[in-house]
Amino acid sequence: MKILIVDDFSTMRRIIKNLLRDLGFTNTDEADDGNTALPMLRSGKYDFLVTDWNMPGMSGFDLLKAVRADDNLKTLPVLMVTAEAKRDQIVAAAQAGVNGYVVKPFTAAVLKEKIEKIFERIQ
Amino acid sequence: MSDSKKNPQDLDPEVTEKLREQANALAEQVNAGNYAGAMTLINDLSEVRDQSLYREVGRLTRSLHEAIRNFQIDPRNAEQQEALSKMTDASDRLEYVVKMTGQAANRTMDLVEDAMPKAHAMRDEAARLRDEWQRLRRREMQPAEFRDLYGRIDTFFITLNRDADTIYGNLSEILLAQDFQDLTGQVIQKVTALVKEVEEHLLSLVVMASHVDQLTGTVHEIESKEVSAEQGVGPQMKAEEREDVVSGQDDVDDLLSSLGF
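Residue numbers (my numbering), protein chains in the order written: chain Z, 1 to 123; chain R, 124 to 384.
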């Protein structure tokens, strides 16, 4: 299971990386916005994408849309972990095909629950 | 002039008095068919308007200078402008907050990442020793195995002592790493005070500008810009009081499940 973590803040990437490791996912890579993430996703055979929304360069929302529009990536499970809390945004993310939405600040238990739920649905 | 008629209270009484007098006189001249006289009156009228406009502009210029001085920027000296600018200082201060919080977060995570494997190892070795201990109590253990266990327990106690010390040390360092809150808190309070001050000055500038608009009869078309949330807008304040914002993960889950997720 190879996971890409996308967030512009290195501290948040580190927190998510640690939480994922506790859940048994040790094979993780990091990117700081959509522009860096997309080429990695296209060449890197990732099984799961965890992304923030608000980032300089390409936002997580645009990244999500780009992933869904790419024939090789469109089935990639995407979990959004973000401070964006407007109802419209959550609806937009759902319509764009997000698989899970975690609003910051979050707990380890919530992250675990959402990830497990996503994998349950895939299997 | 239609604009000033709507808000006569915003003009000098002296000016409005003159306006009224001359408007009446103008009507009389026009009715009497004295168009040359009427034109002179119209000129007088616009002079009254111009004079009060100049006066207002003069007053505004003084207020503007005052407002700029209040920002503590000296526009005559580029170096001083830089040094005296509270705004530059404010962004430096906020950068300092970002740096401090970042350092504290990384320091804390370093310590946590150092302590976690130790806690794991302690737990795992304790579990293994407990199983062995149970075997010993059930008298299932060979003498050679017992000798091995004996040595392992010794090592475990030594490691336990050392690692517990390290973890305790890490925890107290984590505690200390939170001291940024005191410093960043003070900085943010100062910047907040500055923002409030700037807001007040800007407000008085807006009021001044609206006086000019009234005098000149200018009407601005202000487009209301709908900010797209697609690029992200960051954390929302006072989420509990707002309808368009979720107040936590439970809200998100409810919303998503209402969409069939």
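For the record, the hints were derived by calculation from the structure and aren't laboratory data. Careful, some of the hints might be misleading.
Stated by the list, open to error - Here are a few chain Z residues that sit away from chain R, every Cβ distance over 10 Å (derived from the structure): (1) 15; (2) 18; (3) 23; (4) 24; (5) 25; (6) 47; (7) 59; (8) 60; (9) 68; (10) 73; (11) 86; (12) 120; (13) 122.
Said to hold, decoys possible - With a straight-line cut-off of 16 Å between C-alpha atoms, the simulated EDC-like cross-links for lysine to aspartate or glutamate are: (14) 241(R) <-> 22(Z); (15) 74(Z) <-> 349(R); (16) 86(Z) <-> 373(R); (17) 104(Z) <-> 373(R); (18) 86(Z) <-> 374(R); (19) 86(Z) <-> 366(R); (20) 112(Z) <-> 349(R); (21) 86(Z) <-> 170(R); (22) 2(Z) <-> 367(R); (23) 117(Z) <-> 376(R); (24) 104(Z) <-> 374(R); (25) 2(Z) <-> 373(R); (26) 86(Z) <-> 323(R); (27) 222(R) <-> 8(Z); (28) 86(Z) <-> 377(R); (29) 104(Z) <-> 349(R); (30) 104(Z) <-> 376(R); (31) 348(R) <-> 366(R); (32) 65(Z) <-> 353(R).
Cβ atoms here follow ideal geometry from the backbone N, Cα and C, with glycine treated the same way.
For each hint, the structure was consulted:
1. 15: 7 Å, violated
2. 18: 7 Å, violated
3. 23: Nearest chain R Cβ is 14 Å from residue 23(Z), so the label holds.
4. 24: Its Cβ never comes within 10 Å of chain R, the nearest being 13 Å, so this holds.
5. 25: 15 Å, holds
6. 47: Given that every Cβ of chain R is farther than 10 Å from that of residue 47(Z), nearest at about 21 Å, it holds.
7. 59: The claim is violated: residue 59(Z) sits with its nearest Cβ about 5 Å from chain R, within 10 Å.
8. 60: The assertion about residue 60(Z) is violated, with a minimum of 7 Å to chain R.
9. 68: 15 Å, holds
10. 73: 20 Å, holds
11. 86: With a cut-off of 10 Å, residue 86(Z) comes too close to chain R, as the shortest Cβ separation is near 5 Å.
12. 120: Its Cβ never comes within 10 Å of chain R, the nearest being 13 Å, so this holds.
13. 122: The claim stands: residue 122(Z) keeps its Cβ more than 10 Å from every Cβ of chain R (closest is about 14 Å).
14. 241(R) <-> 22(Z): The hint holds at about 14 Å.
15. 74(Z) <-> 349(R): Cα-Cα ~31 Å, so violated.
16. 86(Z) <-> 373(R): 14 Å, holds
17. 104(Z) <-> 373(R): 12 Å, holds
18. 86(Z) <-> 374(R): The given pair, whose Cα atoms are some 11 Å apart, holds under the 16 Å limit.
19. 86(Z) <-> 366(R): Between residue 86(Z) and residue 366(R) the Cα gap is close to 9 Å, so the pair holds against 16 Å.
20. 112(Z) <-> 349(R): 36 Å, violated
21. 86(Z) <-> 170(R): 55 Å, violated
22. 2(Z) <-> 367(R): The hint is violated at about 36 Å.
23. 117(Z) <-> 376(R): This hinted pair holds, its Cα atoms lying about 12 Å apart.
24. 104(Z) <-> 374(R): 13 Å, holds
25. 2(Z) <-> 373(R): 28 Å, violated
26. 86(Z) <-> 323(R): 30 Å, violated
27. 222(R) <-> 8(Z): It holds: about 15 Å lies between the C-alpha atoms, which stays within 16 Å.
28. 86(Z) <-> 377(R): 14 Å, holds
29. 104(Z) <-> 349(R): Cα-Cα ~25 Å, so violated.
30. 104(Z) <-> 376(R): 13 Å, holds
31. 348(R) <-> 366(R): Roughly 21 Å between the alpha carbons, so the hint for residue 348(R) and residue 366(R) is violated.
32. 65(Z) <-> 353(R): Holds, because 11 Å separates the two Cα atoms, which is no more than 16 Å.
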